[in-house]
Amino acid sequence: MGAQTPYNELLPHLFRQEYAKMTAVLCRHFGLKHLETAEDIASDTFLKASEHWAVHGIPENPQAWLYTVAKNKARDYFRHRTVFETQVRDRLSPGEAEQVPVIVFDRHLIADSQLAMILAVCNPANARESQIALALQVLCGFSVAEIANAFLTKPETIKKRLQRARKNLREDNFRIEPLSETEVASRLDTVLKTLYLLFNEGYFSGTGNRLVRKELCSEAVRLALVLTEHPCTDTPQTNALLALMCFQSSRLEARTDDKGETILFEEQDRSLWDEALIRRGNYFLVNATNGGEVSRYHLEAAIAYWHTTPTDGDKWRYILTLYDQLVLLDASPLTAWNRIFALAMVHGKEKAIAEAEKTKATDSRFYHALLGFLYAGKDRDRAIAHYKQAIALTPSLPERMTLTKAIKRLKRT
Amino acid sequence: MKEFALIFRLKDMADFKPSPEQMQERMNWLAGIAAQNKLADKGNTLLPAPGSAKTVQTDRTVTDGPFTEIKEFISGYIVVKAESIDEAVHMAKGNPIFEQVGGTIEVREVLKRD
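One line per chain: the protein sequences are E and S, in this order.
The UniProt record's numbering puts the first residue of the first sequence at 1, with every later residue one more than the last.
The UniProt record's numbering puts the first residue of the second sequence at 1, with every later residue one more than the last.
Bound-form chain E, shown alone:
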């Protein structure tokens, strides 16, 4: 990030990177009850940056500049505001009232605070959807509009959801303090699920612009990495989830074109796959085998692994075995469809068609998209008819474009 970067380009980027960290560290001092205060201070800091940098240019170390300002603002807040008056003064003798806590923003404390924040946001007091909405907002600095976009709902709905979630947190009077190992363990499941959904939102969602989606993915990876830095959250499951994210991320560049259209796996330019990420994925996948536990993340990571090795002749056989295990853990229809796809690759389209049609799920877009694929090259008209039904049932624009492309291709044959 050179000094030449105009401040109005650098600032949004820094906002995404630093806002959440700043809030997390501040919350550690104020308690989650005062999440809004922490957010106000963080927002104020960025406001000041936009004003100051416009006039004086970008400082040499923008991060350090931001943290110094945040630190000062927090100190002022402690000197003047009511939290200090009402909640701290009573407990202190008059002579100590001048004491102002020192807030340090070092790398370690940031990681610690963020971990605490993730665990706090994944408070079972809130419904899962609210947890994710809150995570997007608090941990990733997303606006209400962006979250609504990600959830395919109206901003109003999200606003209400967030208000309720925040109220719950306030009433639960949750303080960010060291949780016991059992507490951490009991929340880790939700935390991993949240990060998993966060990542998927970025990876699969048909909405939102490409840059935002990529940031979602890298944010999820970054937070998962924070989990591996702490012994009590560095579990086989965490490693498996990270492996999955690394393998998927390795194809981020290759899977959409400049217009945002999805490029099918078989047509991706493999030179765009990120080898370094695949290697990271391998590392985490091997780490995840400690303990003999097999979670859905293990299975999905393993499937993703095979997709990074296009040359292995046994690839689809392995993938099918993994899907066979995954359907037992995760009954979602999408998993079932993916399994039938793998079945087609191993045992041929006939068998897969029989299995797909047995489900009679004629109101599912995946059902029709899959049958469109399976009938292609067998029964062209039938394939097209299925693709058309899939298009009619699909809300996602990129997905519709992909299906339309498939029809066009069939018509050419």
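In case anyone wonders, no lab produced these hints; they're calculated from the structure.
The structure presented is a predicted model; accordingly, all values stated were derived computationally and were not measured.
From the three backbone atoms N, C-alpha and C, an ideal C-beta is built for every residue, glycine too.
Check the hints yourself; a few may be wrong.
As the list claims (entries may be wrong) - Using C-beta positions, here's what the derived DEER-type ranges look like:
(1) Glu83/S with Ser271/E: 33 to 41 Å
(2) Leu225/E with Glu21/S: 20 to 28 Å
(3) Lys48/E with Gln100/S: 54 to 62 Å
(4) Met23/S with Ser43/E: 39 to 47 Å
(5) Arg317/E with Lys2/S: 16 to 24 Å
(6) Asn44/S with Pro395/E: 33 to 41 Å
(7) Val62/S with Cys232/E: 35 to 43 Å
(8) Gln100/S with Gln63/E: 40 to 48 Å
(9) Leu47/S with Asp40/E: 50 to 58 Å
(10) Pro18/S with Asp324/E: 33 to 41 Å
To be verified - Not everything, but these chain E residues come out facing chain S in the computed CB check (under 8 Å):
(11) Arg279
(12) Tyr283
(13) Thr289
(14) Asn290
(15) Ala302
(16) Tyr305
(17) Trp316
(18) Tyr318
Fit chain S to the supplied structure of chain E, relying on the hints for placement.
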């Protein structure tokens, strides 16, 4: 499903330090086993360097390293899950070490006590 230890042996101390590329190939092979849910234990690498390797003989004298008695030294092990020893052998055959530096892999069924 049975478990088998794959025990790696190298001939030359110089081969013990693989290049980053060799390391990647080995890691990829290992991840491939993990991705079949067949890695029971990722095992350990055993340091062969002087100061890290000694052998206690029958008469309790101590010699340096494992080097005096055998031509090869054990460099590490992993444990895999497999239906049969043939499947475990098949996995071992895929290890890039044979192309890279040579050496051997001994496949041994783990005795399950219960």
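Hints versus structure:
1. Glu83/S with Ser271/E: 33 to 41 Å: This hint holds: roughly 38 Å between Cβ atoms.
2. Leu225/E with Glu21/S: 20 to 28 Å: 25 Å, holds
3. Lys48/E with Gln100/S: 54 to 62 Å: Because 57 Å falls inside the window, the suggested range holds.
4. Met23/S with Ser43/E: 39 to 47 Å: Between Met23/S and Ser43/E, where Cβ atoms are some 46 Å apart, the hint holds.
5. Arg317/E with Lys2/S: 16 to 24 Å: 20 Å, holds
6. Asn44/S with Pro395/E: 33 to 41 Å: 51 Å, violated
7. Val62/S with Cys232/E: 35 to 43 Å: Roughly 40 Å apart at Cβ, these two residues keep to the hinted range, so it holds.
8. Gln100/S with Gln63/E: 40 to 48 Å: Cβ of Gln100/S to Cβ of Gln63/E: about 43 Å, so the range 40 to 48 Å holds.
9. Leu47/S with Asp40/E: 50 to 58 Å: At roughly 55 Å between Cβ atoms, Asp40/E and Leu47/S fall inside 50 to 58 Å, so the hint holds.
10. Pro18/S with Asp324/E: 33 to 41 Å: Once the Cβ atoms are compared, 35 Å apart, the range 33 to 41 Å for Asp324/E and Pro18/S holds.
11. Arg279: 6 Å, holds
12. Tyr283: 7 Å, holds
13. Thr289: Where the cut-off is 8 Å and the nearest Cβ of chain S is about 4 Å from Thr289/E, the hint holds.
14. Asn290: 7 Å, holds
15. Ala302: 4 Å, holds
16. Tyr305: 4 Å, holds
17. Trp316: Violated: closest Cβ of chain S sits about 13 Å from Trp316/E, beyond 8 Å.
18. Tyr318: 6 Å, holds
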